[in-house]
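Chains as they are written, first to last, in this note's numbering: chain A, 1 to 149; chain B, 150 to 223.
Hints were generated in silico from the structure; no laboratory data involved. As the structure is a computational prediction, the values presented were derived from the model and not from experiment. Beta carbons are placed, not taken as given, at the ideal position from N, Cα and C, and that holds for glycine. One or more hints might be untrue.
35 angstroms max Cα-Cα, derived DSBU-like pairs, lysine-lysine [said to hold, decoys possible]: (1) K6(A) - K192(B); (2) K6(A) - K177(B); (3) K190(B) - K74(A).
A few chain B residues that don't get close to chain A, going by computed Cβ distances all over 10 angstroms [unchecked claim]: (4) I154; (5) I155; (6) R160; (7) R163; (8) V180; (9) T181; (10) T184; (11) Y193; (12) S196; (13) A204; (14) D218.
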Amino acid sequence: MSYQEKNITVSMISTLLIFAYYLARMFQLLQQDSIDPAEVYSLWGIIVVLGIVVNIASTIITYIVLEIFHIVIKGDPPDSQVTDERDELIDLKGTRNTAYVMGAGMLISMASQIVDMPPLTMFNLLFFFAILSAIVGDFSQLYFYRRGF
Amino acid sequence: MGKPIINNNIRTLRFHHDEMTQQQLAEKAGVTRQTIIAMEKGKYSPSLELAFRIAHIFKTPLEEVFTYDPGDAS
Chain A
1 MSYQEKNITV
11 SMISTLLIFA
21 YYLARMFQLL
31 QQDSIDPAEV
41 YSLWGIIVVL
51 GIVVNIASTI
61 ITYIVLEIFH
71 IVIKGDPPDS
81 QVTDERDELI
91 DLKGTRNTAY
101 VMGAGMLISM
111 ASQIVDMPPL
121 TMFNLLFFFA
131 ILSAIVGDFS
141 QLYFYRRGF
Chain B
150 MGKPIINNNI
160 RTLRFHHDEM
170 TQQQLAEKAG
180 VTRQTIIAME
190 KGKYSPSLEL
200 AFRIAHIFKT
210 PLEEVFTYDP
220 GDAS
């Protein structure tokens with residue numbers, strides 16, 4: 001597994017954990033008699049900040065851990081951490097798939113307004129698809145790396 | 150219509166160049182070892198620039214490194 005694959009795997013796992021936390025908190029809020037929009041907005045804020053911080057931290061930690069693992073334990077320098085044209089193409093394909101899911105999510109979210117659902121549902125759907133699209137993007141990149149291209 | 154395929158002789162050329170390792174070729178070409186592996190397996194067709202760079206490393210014409218099989222495109 002290359003450095004890029006390891007990095008994407010860590011990123012995907014951290015996004016999945018944030019997604020699980022988001023779903024768990026949303027189900028908790030849904031079980032209440034009435035949803036307080038302030039609580040939902042606060043949750044979104046936490047998720048966005050958490051997502052950015054965890055993503056940056058996981059990239060740095062992965063880099064450090066891999067360097068230590070290769071140099072101290074394996075006794076040789078780690079695999080190249082340079083991104084080349086194939087990495088860039090795989091990244092582009094992942095971004096394309098992210099955009100597909102996000103685009104479909106936007107349409108579904110807007111459609112919720114046609115069937116008279118509350119605006120909070122629309123924003124929740126948008127948030128849901130934003131996280132889902134990030135996971136799909138990471139997963140598809142891993143798939144392309146495993147397949148070769 | 151068959152899918153056009155770009156084949157390559159990278160593995161053979163590496164062997165004829167003092168058994169150059171994939172890592173050595175990757176470093177000279179400025180790509181990752183995984184890209185060389187993918188090319189040798191025929192799973193990835195490089196850009197024109199990378200193809201020329203590899204041919205230059207082996208000091209051989211491009212068409213001796215890469216060959217184009219149009220499939221049954223005709």
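Q. Taking C-beta pairs only, is R163(B) more than 10 angstroms away from all of chain A?
A. holds, 17 angstroms
For V180(B), which was marked as not at the interface, is the minimum beta-carbon distance to chain A over 10 angstroms? violated, 4 angstroms
* Asked: Does the claim that I155(B) lies outside the interface with chain A hold up, using a Cβ gap greater than 10 angstroms?
  -> For I155(B), whose nearest Cβ neighbour in chain A is about 12 angstroms away, the distance exceeds 10 angstroms, so it holds.
* Asked: Can we confirm that no CB of chain A comes within 10 angstroms of the CB of S196(B)?
  -> The assertion about S196(B) is violated, with a minimum of 5 angstroms to chain A.
query: Is it correct that the beta-carbon of A204(B) has no partner in chain A closer than or equal to 10 angstroms?
result: Correct as stated: the minimum Cβ-Cβ distance to chain A is 16 angstroms, above 10 angstroms.
When you check the alpha-carbon spacing of K190(B) and K74(A), does it fall within 35 angstroms?
Measuring from Cα to Cα gives roughly 27 angstroms; hence the hint holds.
- With a cut-off of 35 angstroms on the C-alpha distance, tell me whether K6(A) and K192(B) pass. holds, 21 angstroms
Query raised in the report: When you look at the beta carbon of T184(B), is every beta carbon of chain A farther off than 10 angstroms?
Result: The assertion about T184(B) is violated, with a minimum of 4 angstroms to chain A.
- Item | Given as non-interface: Y193(B), which should sit over 10 angstroms from chain A by C-beta | The claim is violated: Y193(B) sits with its nearest Cβ about 4 angstroms from chain A, within 10 angstroms.
Original post:
Was I154(B) rightly flagged as not at the interface, with every chain A Cβ beyond 10 angstroms?
Top reply: holds, 13 angstroms
Outside-interface status for D218(B) - nearest CB in chain A farther than 10 angstroms: holds, 17 angstroms
For T181(B), which was marked as not at the interface, is the minimum beta-carbon distance to chain A over 10 angstroms? violated, 5 angstroms
Hint check: violations occur at hints 8, 9, 10, 11 and 12; the rest are consistent with the structure.
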